[in-house]
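S.K.: Single-letter residue listing:
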Amino acid sequence: MNQASTLAAVKRFVIRVPSLETVAAWLLAIVWIFPLLYAIWAAFHPSAYMVRFDLLAPLTLENFADAWAQAPFARYYLNTFLLVTGVVLAQFVVCTLAGFAFARFPIPGRDFLFMLVLIQLFVFPEVLIVENYRIASGLGLVDTITGIGLPYVASAFGIFLLRQTFKTIPRELEEAARVEGLGWMAILLKVYVPLAKPTYLAYGLVSISHHWNNFLWPLVVTNSVESRPLTVGLGIFSAPETGVNWATVSAATLLSIAPLLVAFLLFQRQFVQSFLRAGIR
Amino acid sequence: MVIQNADRRMQIYGALLLLPAAVLLGTFAYLPTVATLINSFFLPGFRGAPPEFVGLENYAMLVEDVTFWKVARNNLIYALGTIPTSIALALGMALFVNARLPGRGFVRMAYFTPTILPMIAAANIWMFFYAPQIGLFNKLLGALGLSGVNWLGDPGMALTSVIVMTVWKEAGFFMIFYLAALQSIPPELKEASDLEGTSRWSFFWRVTFPLLMPTTLFVLINALINAVRVVDHLFILTKGGPNNATNLLLYYVYENAFSFFDRTYAATITVVILLVLAVVATLKFTVLDRRTHYQ
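Keeping their order, the protein sequence lines are chains A and B. Using this note's numbering, you'd call the opening residue of the first sequence number 1 and step up by one each time. Using this note's numbering, you'd call the opening residue of the second sequence number 1001 and step up by one each time.
Just chain A, with the same shape it has in the complex (with noise of 0.2 Å):
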């Protein structure tokens, strides 16, 4: 009877100190969470409700109307996703070139110049805007979509992360396609590009959002609404000296990440290993 008490009490203590630990962790997630269904929910509601929660106010897309004729979205996605697959791809063939350079032949000062390249990593472009956009004003690049992309295109982030990649890759598959009398170009897409594919998966998605989520640069560089990324129209739109309505704002908010968001809630997972892989230097 004691025995079987103590147990239960025992039995109690297990079971209620993880609980309490449970709780702890969805108080936060929902804390954490919040801020983006509270979002949600004003860019469905009137504004009238704003600050009123009930759940039996009226659900509207008004405010998405509202965002879409008083700002040129469509314009901005256009921009975005342009910038996006731009970056990205640049991104690959220059880094993946590097990368290979770098992991398998034997250039002079290699250790240095790789020194060198990973300055990159703490120098970004946004640290020298200032002289990037002369840069970029010297070469016509102002007020383009090239002109946002270019600066990040030779990323030592990406150059590390390919160049890691490739070195793992066993010699004895190099050496048997040149047996087979493959070239230089031919070894490396037949045999490294093939083998570095989960490689790219996660550095593509980190820079998908990455550059999707960029603001600074795009912002000095550009200055018409035929350039402008998504995160820069938003920035205007919403600079609240427009006097735009918050629900408004809210809606548009929503636009600028809905395809982002739903891409990640989707591929949650490869998202978050992207993350990760990537960030694992």
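Bear in mind the hints are in silico, worked out from the structure with no lab data behind them. A hint or two may mislead.
[To be verified] Which stretches of chain B does chain A cover? Using the computed rule of at least three CB atoms under 8 Å from a CB of chain A, they are:
no., stretch
1, 1050-1056
2, 1172-1178
3, 1229-1243
4, 1257-1264
5, 1268-1279
[Said to hold, decoys possible] From the derived model, a few chain B residues whose C-beta atoms are all more than 10 Å from chain A:
no., residue
6, Ala1060
7, Ala1072
8, Leu1080
9, Gly1081
10, Leu1141
11, Leu1195
12, Gly1197
13, Trp1205
14, Leu1220
[As the list claims (entries may be wrong)] Some, not all, of what chain B presents toward chain A, calculated at C-beta under 7 Å:
no., residue
15, Ala1006
16, Met1010
17, Ile1012
18, Leu1017
19, Leu1024
20, Leu1025
21, Phe1028
22, Ile1120
23, Asn1124
Heads up, the beta-carbon is just placed ideally off N, CA and C, and yes, glycines get one too.
Position chain B relative to chain A; hints supplied.
M.R.: Just chain B now, kept in the frame of chain A:
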């Protein structure tokens, strides 16, 4: 001789492979860094006159510039306010979602979602919370019978408000690295400590936490970089105001270059940022790399 030729060919081929990256890095990283340094010794020429070499005059101006010191101090407070808090929260979150937990998938997603949002969008959402009249925080305070706070308008409060939002945005990102590190800790350690009757608390401090040290350093480096690099939210939340209470170094560069059109002074402040980043880089290459398998 034949082998030497082959070697030479490989060298040339490798150099050609590097060429596109080298040209781009030269144009958008090294050249602007050098130009920034040079410009910091000049004053811009007015009405077409050539720039005037002034030696360290810009730096002397910087030392005298009350706003600069305020901005530098803000940035320090911002770093001290965001970094330890978001790292501690990230570790807590990782411990939560590493344990068996009902609805773990949802909880993990909730923590990580802010990472996916652009800083601009996050700032837009938090504007609702901070707005003085209709903002949610003041409505909540009002419901409790308390008077509202001017979260972003009060110079004593504004930087804290910006810090809180940043922590919300960053913690989930750092959680991912802690989670991965936790999952690589062999479960035998936990089993052994359970046999010895070690409390969970002391297991954490004596085993888990020391094992997470490399991750903490890695996260710290990232957080330090972000503290000087990311200023997007200021464009929505405060524009550096009120009275520069939330102005940070990079935002001050932006203001000087693109609002006050003082490019050389902006270059001088950029040099300060570059020095800070150099310290962070040294920290990474010396302290961190000795602990990780990096070559």
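S.K.: It remains to establish, for every hint, whether it holds in the given structure.
M.R.: Here is what the structure says about each hint:
{"no.": "1", "hint": "1050-1056", "verdict": "violated (count 0)"}
{"no.": "2", "hint": "1172-1178", "verdict": "holds (count 4)"}
{"no.": "3", "hint": "1229-1243", "verdict": "holds (count 5)"}
{"no.": "4", "hint": "1257-1264", "verdict": "holds (count 3)"}
{"no.": "5", "hint": "1268-1279", "verdict": "holds (count 5)"}
{"no.": "6", "hint": "Ala1060", "verdict": "20 Å, holds"}
{"no.": "7", "hint": "Ala1072", "verdict": "15 Å, holds"}
{"no.": "8", "hint": "Leu1080", "verdict": "20 Å, holds"}
{"no.": "9", "hint": "Gly1081", "verdict": "18 Å, holds"}
{"no.": "10", "hint": "Leu1141", "verdict": "12 Å, holds"}
{"no.": "11", "hint": "Leu1195", "verdict": "17 Å, holds"}
{"no.": "12", "hint": "Gly1197", "verdict": "14 Å, holds"}
{"no.": "13", "hint": "Trp1205", "verdict": "17 Å, holds"}
{"no.": "14", "hint": "Leu1220", "verdict": "13 Å, holds"}
{"no.": "15", "hint": "Ala1006", "verdict": "11 Å, violated"}
{"no.": "16", "hint": "Met1010", "verdict": "6 Å, holds"}
{"no.": "17", "hint": "Ile1012", "verdict": "9 Å, violated"}
{"no.": "18", "hint": "Leu1017", "verdict": "4 Å, holds"}
{"no.": "19", "hint": "Leu1024", "verdict": "4 Å, holds"}
{"no.": "20", "hint": "Leu1025", "verdict": "5 Å, holds"}
{"no.": "21", "hint": "Phe1028", "verdict": "4 Å, holds"}
{"no.": "22", "hint": "Ile1120", "verdict": "5 Å, holds"}
{"no.": "23", "hint": "Asn1124", "verdict": "5 Å, holds"}
Consistency with the previously given hints fails for numbers 1, 15, 17, ordered from lowest to highest.
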